[in-house]
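J.: For reference, the chains in residue letters:
Protein chains: 2
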Amino acid sequence: MQLIAFDGGFEIRHDTQQLFLHKAGSPAFFVGCGIEKIEMYRGNFDIEDYLESRIALTHARIEGNRIALSTAPDQTALLTATLKIDGDDFKFTFETHDPRLNRFWLRLPAQKQEHVWGCGEQMSYFDLRGRHFPLWTSEPGVGRDKSTEITFKSDVTGKAGGDYYHTNYPQPTFISSRRYAAHIETTAYADFDFRHEHFHELQVWAVPDALEIRSGKTFLDLVSKLSERFGRQPKLPEWVYKGAILGLKGGETNTFTRLDNALNHGIKVSAVWSEDWCGLRQTSFGSRLFWDWSWQDHQARYPNLPQKIRELEARGIAFMAYATPHLCSDGALFPIAEEKGYLALDDSGKTALVDFGEFHCGIIDLTLPEAAQWYGDTVIRKNMLEMGIKGWMADFGEYLPTDNVRLANGVDAKLMHNAWPVLWAKCNADAVEAAGQTGEALYFMRAGYTGTQRYCPLLWAGDQSVDWSRHDGLVTVISGALSSGMLGNAYHHSDIGGYTSLFGNRRSKELFERWAEMAAFTPVMRTHESNRPGENFQFDHDAATLAHFARMTRIYCHLAPYLKQLSAEAADKGYPVQRAMLLHFEHDPETYANQEQYMYGPDLLVAPVHKPGVAEWTSYLPAGEDWVHVWSGRKITGGQRITLPAPIGQPPVFYRAHSRWAELFSELAAL
Amino acid sequence: MQLIAFDGGFEIRHDTQQLFLHKAGSPAFFVGCGIEKIEMYRGNFDIEDYLESRIALTHARIEGNRIALSTAPDQTALLTATLKIDGDDFKFTFETHDPRLNRFWLRLPAQKQEHVWGCGEQMSYFDLRGRHFPLWTSEPGVGRDKSTEITFKSDVTGKAGGDYYHTNYPQPTFISSRRYAAHIETTAYADFDFRHEHFHELQVWAVPDALEIRSGKTFLDLVSKLSERFGRQPKLPEWVYKGAILGLKGGETNTFTRLDNALNHGIKVSAVWSEDWCGLRQTSFGSRLFWDWSWQDHQARYPNLPQKIRELEARGIAFMAYATPHLCSDGALFPIAEEKGYLALDDSGKTALVDFGEFHCGIIDLTLPEAAQWYGDTVIRKNMLEMGIKGWMADFGEYLPTDNVRLANGVDAKLMHNAWPVLWAKCNADAVEAAGQTGEALYFMRAGYTGTQRYCPLLWAGDQSVDWSRHDGLVTVISGALSSGMLGNAYHHSDIGGYTSLFGNRRSKELFERWAEMAAFTPVMRTHESNRPGENFQFDHDAATLAHFARMTRIYCHLAPYLKQLSAEAADKGYPVQRAMLLHFEHDPETYANQEQYMYGPDLLVAPVHKPGVAEWTSYLPAGEDWVHVWSGRKITGGQRITLPAPIGQPPVFYRAHSRWAELFSELAAL
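Residue numbers (full-length UniProt numbering), protein chains in the order written: chain A, 1 to 671; chain B, 1 to 671.
For reference, chain A alone in the conformation it holds in the complex (with noise of 0.2 Å):
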């Protein structure tokens, strides 16, 4: 990595790669005001700007590894960049002296035909190239596509369509094709930009601490980079491989009724997984549940609880809950949290509420080590483990609000939203070491940032459609899992079937079938019953599709012992379980913007059928290898599209011919 200066700029290069330019008549920096309004309306934000000012800072004075940067020789620097340059990588760390610069543009080359892969969990785009992405944590909109009239119905009830750029897990982070990956230290409001041909444009509101450039070899040099810088998850708990997570609710007797009938059937069974663990509210939406998170104060609807998880452990199966960072205001933690100080104050000094329906919540102040230390104490390590139970999705983490929140650490939400994530996942994951059980206990969250690598065990891709849309269906998981791979985040997994079930949108068996199909080669089988369980195919619905079910989770437990390889790689090197082609075949550019297909682990290659009605399917195999087809022993060439038989029950999946777990693989069509 050089510094180049040269007459009215810098460039920063490695080996033959422009990685950075400045220069008077194209500046890297701009700096400028802007008044921001953020409105959020259950998880859903309205945003808009208005732009005050936008400068180019044209002039760099390089003195050192300092560079100040102005509008002309004779003015004064609006900005300072310190560079730090370290073997194969660099860092700029910036400073203002202007308190009301508070927008932040910076410039990085690009080139015509470069990809770029990341940005958080996207799950609508995984090249990012030719849109631009604005990172904000948010809900990720249900539809998510402004064609389409689900997306329209939910943005005119809920605010609620979204697009394409909504996610639970934003990140300003990216990796380039062209061998690099740059990240944007800050937690604020960004916009990343790849639409521009000759460079992409990263926009920040607020002067950033840092940006950072990696280069790499390979791509899969550059991931494990950026998992030492963001952190690793620990391995998966042995207890995960045993089978597929049931997501079972409706109380005590439905719970483990059904269960039972599941085991009966042979499903494979790691876990059940009962949302309704705390009890239950009405509202005119329906049942919610209620966020007072405990069982003790909440029986009714697991009066044995305890014994039943006993018992279950006894069987050699997991009991897993639900969480989030609220505590609603009529709920026994609520006044315990108040009085100590540990909630959010509202502009006034009173305990700030957030309407979630029907019910008000306080939010746990996670700025304040003593109020996240009291919630790990209370709600996960006594309230949960100590019960046994063995993990919990952890919900809710894109819910700070930006307005009439006032936080301990004194800093504007607006800055403390996008962090919200990863104090809730370090809050979590705090409770979880301190009580020894890190690597057992198993939460899952779909909200994310920066950081989320090292405190969040396992994302969940959110809340799919129970649908095939482009936007927010099936497909929308593999491009979720792609990119918060490229990040080092090794463990993705989704609702089987989906969640979301709106405006007579429901799920069919297919489609449960289908995505079950997906999930066999992903580091997590669980299912959900949706958000309207009588109006939604369930896995048990039908005898052929818990037979077909059965199956899906022999072949995921088949898988066992090279899933465990790659959760060892993953602790290793933090190569993801699912990863985009491209990792392992860079050489071969047709992997590049693929978004349908993914490796599992080095050796599979999954094609999954993302639509309905089709007998057979079309995948691409990447070039340079054998492939063989698991189900038919065929052996393809790569390097071409092939299409093949793709019935129920046999989702496309090809090995390497050579892989050293090839007769592990051999032996999945006969499961």
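Any copy will do: because identical chains look the same in the list, a pair fits if it lies in one copy or spans two.
Calculated pairs, DSSO-like style, for lysine-lysine (alpha carbon to alpha carbon, straight line, at most 27 Å):
no., residue 1, residue 2
1, LYS37, LYS112
2, LYS23, LYS37
3, LYS37, LYS350
4, LYS146, LYS159
5, LYS37, LYS146
6, LYS153, LYS611
7, LYS23, LYS112
8, LYS426, LYS340
No lab work stands behind these hints, which were simulated from the structure alone.
Knowing the structure of chain A, use the given hints to seat chain B on it.
T.: Frame of chain A; chain B shown alone:
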């Protein structure tokens, strides 16, 4: 008007009002660079801006009447503003020496309680405060409300849904309740932003020629001044006072049979308007007009048209037609215009062709005086006026594409797009004048821009949906009349019953009748069969409506003496026929944001029923006047809301008790 310089800035005051303020801490001028993306699809535009810079010109150096604006005392001026104070008015003319600067923002001082009106013909909002208004002539949209199904479907199927600010006729001019009028002289894309509490911000995508500020003692003074500035229309022709213009098409037999039927039912008719005088073509969307503006070559539908026109003339009825500034590529006029070089070219130097839906058209290059004159001589004089045609819809002024079009005057089509409606109006005006028919031939346009006032004798409100909707139905026509009237457009009218019938939206009998009741109190009554004549209610669909409509035409004709006086007043002072109530009641702030009612001249107040199924209606009667309800004769003191019976046939209309026209008005009830 007084310029007051002070340390670090200056202000311009008129009496007690501060009309302009510039100081270092809150500069009035900003310049910058942007890269716009403007895409047209059938008159609807996708417009995006990538803003590279926005520079506050904080430093002003005043030298005589020239103000040099820069970022700092020691920096070169980026903008020079030359001030000319003229009595109660002032004007800045602008110059820049940096040709790259293509963005300009200007702030005017604002007050919290201020109201703002104008910006052309605004269909959704008369009082512009609290919103911003992009100013770009375009299709207005179908539905114009992102929360409605019709808008959604129009957006998805044809990018045609529109929004509140879309209008055929924008104009960068407004009147403030602080009793000044502001105008920016430019044809570039602009966006006037009235959302800020302490300033209005006027954005232009070019350095504009000038800012003009006029102050006035009254709002009527300001309207008069603007009318003087932008031009006045000729008086209405005498023939139009004779009754309604009937929009009838479908060929000779259908048109004239229905005319006779209308006359037999007592409908007073001033003209027959047949769009299809020029013939039709069949497309997959249905019948479309044949865009080759002559009867001579397309006689099939009206084989005896010249004779029919003479017969009509003898009966005191005019005949009206239709034209646009385009020629279809398969017509007789196209090759003539092309050979003469009168059609706009594309980037490759060939004739630019615009897709109008299964047919393509050349664009008359209206920047070329010979081309405009040829069109005027050929289409307007020879093909229309000389046949005895007395008027026409002069349509489609909004359709100048901005890419791949080269105009003869060498100016970028992006800067000519907004100018196009005025060039089109001037082409009509010049041809009519050359034929000695100014004030006699009546063409009407929906497209407009600064200067439309001078060249277009009659506005028409464009294509409302055939419904009662807030943003595209009957009520929007009122806002259109009031806002355009503030800028000196004296004559406004609309398609009775609306035009656009899509996605099952159909005109009802009730809508037709309510709309006709409003039209009787406008300068021109005109029916339109809608885009789907067979599926929508027409004036002659039943005997009751024929009788109702006949009565409304009698009312219109009965008011002709009053209307003639309004027309004289318009020619004399520039007052519009339909007036915002505030023009006569500026002492009553209740009138400032009312866009549901209007004054028809100084003495009649009209409060159209714009909702279905109502039997009574609440009207606001301005303070300081006694009013008489036209149908009951009931006297009512102003300054109150009053609810009165408003059955079909009795639109809420009131007159000033002491009007010199009181007797005429009192006779309306008996008609």
